[in-house]
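S.K.: Sequences and hints are given; from them, build the entire structure.
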Amino acid sequence: MTLADGVQIVSFAILGVMMVSAALGVVLLNNIVYSAFLLGGVFISLSGLYVLLNADFVAAAQILIYVGAVNVLILFAIMLVNKREVFVPLPRTGLRNLLTTFVCFGLLGLLGTMILTTPWAVNLGAHPDSSIVRIGQHFFNGFLLPFELASVLLLMALIGAVVIARRELVPEPEFPQGPSLSLPERPRTEVPTLAGRNEQ
Amino acid sequence: MPQLPNWINLVEKEPPEDLAMDVVSLAALNTGTIVPELLVIGTLLLVLLADLLSGRQASRWTPYLAVVGLIGAVVSLGFQWNMPVAEGFLGSFQADHLGILFRGLVALAGALSILMAIRYVNEAGSALGEYMTILLVATVGGMFLAGSDEMVMVFVALETLGLASYLLAGYMKRDVRSNEAALKYLLIGATSSAIFLYGLSLLYGLSGGETRLSAIAQQLARQDISQSLGVLMALVFVIAGIAFKLSAVPFHQWTPDVYEGSPTPVVAFLSVGSKAAGFALAIRLLVTVFPGATEQWQFVFESLAILSMVLGNVVALTQTSLKRLLAYSSIGQAGFLMIGLAIGTPEGYASILFYAFIYLFTNLGAFACVILFSLRAGTDEINEYAGLYQKDPLLTLGLSLCLLSLGGIPPLSGFFGKLYIFWAGWQAGAYTLVLVGLVTSVISIYYYIRVVRMIVVKEPQEMSLAVQNYPALTWDMAGLPELRATLIACVVVTAVAGLLANPLLTLANNAVTSTPFLQPQIQVAQK
Chain A
1 MTLADGVQIV SFAILGVMMV SAALGVVLLN NIVYSAFLLG GVFISLSGLY VLLNADFVAA
61 AQILIYVGAV NVLILFAIML VNKREVFVPL PRTGLRNLLT TFVCFGLLGL LGTMILTTPW
121 AVNLGAHPDS SIVRIGQHFF NGFLLPFELA SVLLLMALIG AVVIARRELV PEPEFPQGPS
181 LSLPERPRTE VPTLAGRNEQ
Chain B
201 MPQLPNWINL VEKEPPEDLA MDVVSLAALN TGTIVPELLV IGTLLLVLLA DLLSGRQASR
261 WTPYLAVVGL IGAVVSLGFQ WNMPVAEGFL GSFQADHLGI LFRGLVALAG ALSILMAIRY
321 VNEAGSALGE YMTILLVATV GGMFLAGSDE MVMVFVALET LGLASYLLAG YMKRDVRSNE
381 AALKYLLIGA TSSAIFLYGL SLLYGLSGGE TRLSAIAQQL ARQDISQSLG VLMALVFVIA
441 GIAFKLSAVP FHQWTPDVYE GSPTPVVAFL SVGSKAAGFA LAIRLLVTVF PGATEQWQFV
501 FESLAILSMV LGNVVALTQT SLKRLLAYSS IGQAGFLMIG LAIGTPEGYA SILFYAFIYL
561 FTNLGAFACV ILFSLRAGTD EINEYAGLYQ KDPLLTLGLS LCLLSLGGIP PLSGFFGKLY
621 IFWAGWQAGA YTLVLVGLVT SVISIYYYIR VVRMIVVKEP QEMSLAVQNY PALTWDMAGL
681 PELRATLIAC VVVTAVAGLL ANPLLTLANN AVTSTPFLQP QIQVAQK
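Residue numbers (the working numbering), protein chains in the order written: chain A, 1 to 200; chain B, 201 to 727.
By construction, these hints were calculated from the structure, which means they are not laboratory data. Ideal placement from N, C-alpha and C gives every residue a C-beta, glycine not left out. Incorrect hints may appear among the rest.
[Unchecked claim] Chain A residues, not near chain B, derived (Cβ > 12 Å throughout):
{"id": "1", "residue": "Ala23"}
{"id": "2", "residue": "Leu38"}
{"id": "3", "residue": "Leu46"}
{"id": "4", "residue": "Leu80"}
{"id": "5", "residue": "Val86"}
{"id": "6", "residue": "Ile115"}
{"id": "7", "residue": "Ala157"}
[Stated by the list, open to error] If you want a taste of the chain B side facing chain A, the calculated C-beta under 10 Å gives, among others:
{"id": "8", "residue": "Tyr331"}
{"id": "9", "residue": "Val340"}
{"id": "10", "residue": "Glu359"}
{"id": "11", "residue": "Leu363"}
{"id": "12", "residue": "Ile609"}
M.R.: See below:
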């Protein structure tokens, strides 16, 4: 075992312990703020694993997007809600937790067996120096169409975000309004639709 | 070379070709394969710009622009039919005949649900321009999904359709039911996407880094692991993701709440367009990637079909809201469609296409009636329909015909759809499926007829409050003529398509027999 291999194994062990303990903390802690911060820890350890796998671009993107954007957004959401509420523990939580644990460990066992019994196809081709060049080539080669479709997706997401976030001015209907039309969606302060509609 | 654990199996593989060397020329991309989708994307940009530049005045004519764009897409799909089958974008997209028909179905569903929505969206006080933009993006996503032949493309198209659907479900922001629907749809949809993606990543790993569906199948066959635990796990995860889109039991829990809470034109699109895209994806992905595990996935779909038919049709019996009833009925109808997938014969796939075409018009016709009634009476409750035939003959006729066709009453087209699907199942020896289908069809007739009977009650004193206060029939308000045209078109197709079943069936059969990726299945069926 060379020195590089030793460093790799030790750093894998450290990252693995960090990741598993942080992930357990996310699930098991009751304070949601702690959970959110620990989720950032999970993402950072994961990006460390990506570095070990020679995926430098993915590691950077993981930190920028997941820690920098997603996790910060989660923390913002928690702080904006910031509602002190005493949660009454639900009845029979113990049984439910037991069942969840059982299912989760079953899934873990199944996936573990699957990973160990499968003859994985390993591609030992030459690793390119920089994965960014390779990713760029893929974007303009085999993955051109999904890359372009993603721009339509992002445009739609942008419009959708504006639709959700904008303050709703109840517009006067563009077309002349009939006397009798009403939908449950339209805010109504008057009497229920059917009873008093003709009097309005 | 580092020492590898013994469970790692080295694959002989050509060194990755130097990608910089083969400069891709524009002609090699075969851009012509996605012309219909490009038309829709161009239309949605135009709609967006018109809405941006001329404000809400534009909503007087942008719906027609959107519909013209979608019809143009359908026409260009018709031209594509006669061209030789080509793969576009280096294998990301296949313009085969099966895909063309499914893409046409999605585009038609998009066009009809825009026409239905004009009055409804305006009435609900929401902006029409953004609504149409998002709906067009959903249509594009569904069309791409029906033809994509590569895992990254499948996932991006699936997410385009999915995200657009979540946004549309929550489009009526001031209505709490719409908010609830959007949130439920988003959370369950995100979970199922994650599961689907996990399945795809397993396939990527098992095949040694392939993303094209046919290349994955080749690699799996070469390593002789088509039946290994890893591939079966991938199969289970992929099916879980697809079954969510098809709303097959037990992945259906989102359906009733989303259908009840979302704006009705959106529900109409989801129940038809999204489902057609899901079936296209299911056929292509399962047939191409898992030829070695055909028995397994057919067994899974057999169980899903039986569960969906039984649960969808039985629970529909107890519903009091027509939208919720149509939600459960759509679960049951997806069960009937899954019979075609579970038997896996060419007739089965052709019957899916034929039934999906009929179901498109029948179900959209039913939803057009629900929209019209809720515009006029402001409710979706079944009890409020009592005595409607004395006030609104067109609505009565349309809703009765559509519901009876959904139930499969003989002269209407739904009967022929079911007949063909059951016949295909019987030919393939799937007697259990066909018997369950027949029994649940009878159950479904009961609850469809219950609504029809409610509409045509005779005594005036049994008339509901909503119908007693029914407004005078006017069609001169903007958006209503379009709704009426959609309704009449859907009802006419529902009534007539059964009699014209022969050309439609020939078309569906031709599509299946001339689609390259289905050839192995056809050869198996011929033996």
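S.K.: Which hint numbers doesn't this structure obey?
M.R.: The structure breaks hints 6, 7, 12; every other hint is satisfied.
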